[in-house]
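Using my numbering, you'd call the opening residue of the sequence shown number 3 and step up by one each time.
Misleading hints may appear alongside valid ones.
Pair ranges (Cβ atoms, derived) [to be verified]:
id	residue 1	residue 2	range
1	Val-63	Phe-5	36 to 42 Å
2	Asp-16	Arg-65	34 to 40 Å
3	Val-63	Gln-19	22 to 28 Å
4	Asp-62	Glu-24	34 to 40 Å
5	Arg-22	Asp-66	39 to 45 Å
Hints listed in this document are in silico derivations from the structure and should not be mistaken for laboratory results. Just so you know, even glycine gets a beta-carbon here, dropped at the ideal spot from N, CA and C.
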Amino acid sequence: DVFGWSQDAGMGWDPSQLGRPEFLMLSTSGGIRNPDGTPRALGFHTGHWEVALLMEEAADVIRD
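Can you make the complete structure from the sequences, with help from the hints?
Encoded structure:
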C-alpha cells in the first residue's frame, strides 16, 4: 500500500484521502482531471492523462 500511496500523492491526490477504500475502474482513459487540473481519479501513472492533453494540443495545432 505504501508504494501505491506514494504514487497517488505524487500525482496530486490529497494525502489525507489515501486510507479510503480503493476501487478499480477500467477504461481506455487512464485518469480523470477536474476542470482546474486536480485529480478526480488516478491512472497508473500521470502519463495516462497527459496523453489526452497532448492529443488536445495536437488537434488544435492541426485544426489551426
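Each hint tested on the structure:
Val-63 and Phe-5 have their C-beta atoms about 37 Å apart, which keeps the hinted 36 to 42 Å range intact. Separation of Asp-16 from Arg-65 is about 36 Å and conforms to the stated range, judged on CB atoms against 34 to 40 Å. Between Val-63 and Gln-19 the beta carbon distance is about 36 Å. The supplied range of 22 to 28 Å is therefore violated. Checking the proposed 34 to 40 Å range against Asp-62 and Glu-24 shows it holds: the Cβ atoms sit about 35 Å from each other.
Hint check: Arg-22 to Asp-66, Cβ distance near 42 Å, so the stated range 39 to 45 Å holds.
The structure does not agree with numbered hint 3 stated previously, though it agrees with all others.
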